[in-house]
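As given, the protein sequences belong to chains A and B, one line each in that order.
According to UniProt numbering, the first sequence is numbered sequentially starting from 1.
According to UniProt numbering, the second sequence is numbered sequentially starting from 1.
The hints are simulated quantities; they were obtained by calculation from the structure and are not laboratory data.
Treat the numbers as computed from the prediction; the structure is a model and nothing was measured.
Just so you know, not all the hints are guaranteed correct.
[Stated by the list, open to error] Now the stretches of chain B that chain A is said to cover, found in silico as 3 or more residues with beta-carbon under 8 Å:
hint	region
1	45-59
2	95-109
3	141-153
4	160-169
5	188-195
6	200-209
The beta-carbon is built from N, C-alpha and C at its ideal position, and this holds for glycine as well.
Protein chains: 2
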Amino acid sequence: MSEYTITYIKNENPKEKPQSDQLSFGKYFTDHMFIQDYNPDRGWHNPRIVPYQPLTLDPAAIVFHYGQTVFEGLKAYRTKRDNIQLFRPDKNMERLNRSNDRLCIPQIDEEFAIDAIKHLVHIDQEWVPDAPGTSLYIRPFVISTEPYLGVSPSATYQFIVILSPVGAYYEAGINPVKIAVENQFVRAVQGGTGEAKTAGNYASSLKAQEIVSKEGYAQVLWLDGVEKKYIEEVGSMNVFFKINGEIVTPELNGSILEGVTRNSVIQMLKHWDLPVTERKITMEELYQHYQDGALEEAFGSGTAAVISPIGELAWEGHQMVINESKTGPIAKRLYETLTGIQYGTEDDIFNWTTKVSYK
Amino acid sequence: MSEYTITYIKNENPKEKPQSDQLSFGKYFTDHMFIQDYNPDRGWHNPRIVPYQPLTLDPAAIVFHYGQTVFEGLKAYRTKRDNIQLFRPDKNMERLNRSNDRLCIPQIDEEFAIDAIKHLVHIDQEWVPDAPGTSLYIRPFVISTEPYLGVSPSATYQFIVILSPVGAYYEAGINPVKIAVENQFVRAVQGGTGEAKTAGNYASSLKAQEIVSKEGYAQVLWLDGVEKKYIEEVGSMNVFFKINGEIVTPELNGSILEGVTRNSVIQMLKHWDLPVTERKITMEELYQHYQDGALEEAFGSGTAAVISPIGELAWEGHQMVINESKTGPIAKRLYETLTGIQYGTEDDIFNWTTKVSYK
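Chain A extracted, bound-state conformation:
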């Protein structure tokens, strides 16, 4: 049997599926999961789809102590023709391997991983919800499993994929959010792990998020960890600003996560012949544009919300109300076009989607 043959053990006790209108994010999980093991002798081996089940790990496993782990997030969408499709999974698997490199985790076979994801989604296809705005969230992740308390890369790993049906991000259509600029806490710094999708970045963000939530803000906007001047990203999304007709997003610098949606937004804006620039931008500059009336729109981009308009930005005592707290035309057009491609109601001009098929 090839190392690439996926064993399948069917779940004989499938769960009851939640109603489409009761889905939130990341609370329900499907009947099956994908697991593959790594050891130095065999490399990645024993790929299998098994009933969704607890992981059994030695309490000394490195992941618990030293956080050697990476993850990805993407979605499967049910189209109006009742096909199921993924959006740019190749970009997620490329990034997973870049994260693996930063965390000293062995590279995975990207093509095989996409096949495994498709296989798993196919088996649990009835879990892909069909209500507007709903989807099946896909969470691939790698954990370090060696029971060893020395601070060094693990000898053994598991690559796991779990699936979670998720509700519409906006219950009443796309809707602007209030964001607070974070001045005390730092998410990441150049030379750190900011551009990797790894647990520590998110652990680090919990405290700031907890504080601003109590003050009524949906997320924080992170500044650079060095000078606390330059805009990096917002919550777990990348961020865009429309200034005097030009769309600006912070350039990748080693501490900003390279979002798949960010990349898609840039490509789409260029396709529309709209001016889009990746460059450094400070909060000082943004506030100046705001005062001059040149800040026309602000929005985040990410897998969960696709596009999240920013209606209000709080910074050093200033309450910046952007576009009268309404969704701007660029944010709306991007949201409709990208979700249209994802749900198969718009032409997929860039070949971004791939059908889930079972070999």
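With the hints as your guide, set chain B onto chain A.
Structure of chain B alone, referenced to chain A:
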């Protein structure tokens, strides 16, 4: 039954203990472990000592994805009178709670945790090795267990303590190491999680450590993440320099871990009426002192090695050989005094040790 009554389930199949001369670090684990659960209704509850066993966790548990976890490290020592004692466990539990605060994890009861550790060590007392320089490493840690993919603090946790008999850090007595100053990667930054003992800091350090290991260095010396000028810590230890008779260590700044051994070193130096200063120090300054012949000693401090003399420091092409690569008199005196207190051969003038007794 009180929430503070520890249930005990004896391991009826004890393992064979490794030979004292075959111990390394963190590879062997004892017959029992301590576990306590947390949920919002009951708080910390159900403390129990059970046979050492795998943890069973939902694959969506927050610890795997967002690294919400903290840990501690301390040791139990077998004295010449065949007592078993701990070194300053109160400092470790204080720090565990500071780490908990930064990571949005509920506070633990420090006194009860120390009692639980003593209880566990007492049960596995035969695992405390007796060869010179050996000890029983104690690893308390908290993991977030809620199965939820939203980025937010977990509703549930486990506080766990495992034990590992460890060998002498220096097989042939205290011995200077070669250290490389890290210029590319960053361990932590102010506003991040550097002063917390949490997984992400260690995940972030793996890559730099991997690179310098290949070049023959034992550890890296971390500079600050903002200007990459100021000395922070070395590997997983704090660092001290003797310059013109004065002992200097980087001042705590939010990104340096507050070491228990660091604190003990400072207290001991003051007791000896030796000048010790906590202040900012740059690599530029250190190199200048080196060239002037004023850099007399350099050493790290930490639970694993206690005191680790630095014989050579590589920085921007300079190979700084310190004290002819020999252990200096201050490092030697600190090592002998601190290990003397830990193993009960020196008077415990500060009341730092506490006997393991079973109530």
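Quick rundown of the hints versus the structure:
1. Only residues whose C-beta sits within less than 8 Å of a C-beta in chain A count toward coverage, and the region 45-59 of chain B has 8 of them, enough to reach three; the restraint holds.
2. Requiring three or more residues with a Cβ within less than 8 Å of a Cβ of chain A, the coverage given for the region 95-109 of chain B holds, as 3 such residues are present.
3. A stretch counts as covered by a chain when three or more of its residues have a beta carbon under 8 Å from one of that chain; for the region 141-153 of chain B and chain A the count is 9, and the coverage holds.
4. Only when three residues or more bring their CB closer than 8 Å to a CB of chain A does the claim for the region 160-169 of chain B stand; here the count is 3, and the claim holds.
5. Taking a C-beta to C-beta cut-off of 8 Å, the region 188-195 of chain B contributes 6 residues in contact with chain A, enough for the three needed, and the coverage statement holds.
6. Counting residues of the region 200-209 of chain B whose C-beta lies closer than 8 Å to any C-beta of chain A gives 9; at least three are required, and the coverage claim holds.
Hint violations for this structure: none, all hints satisfied.
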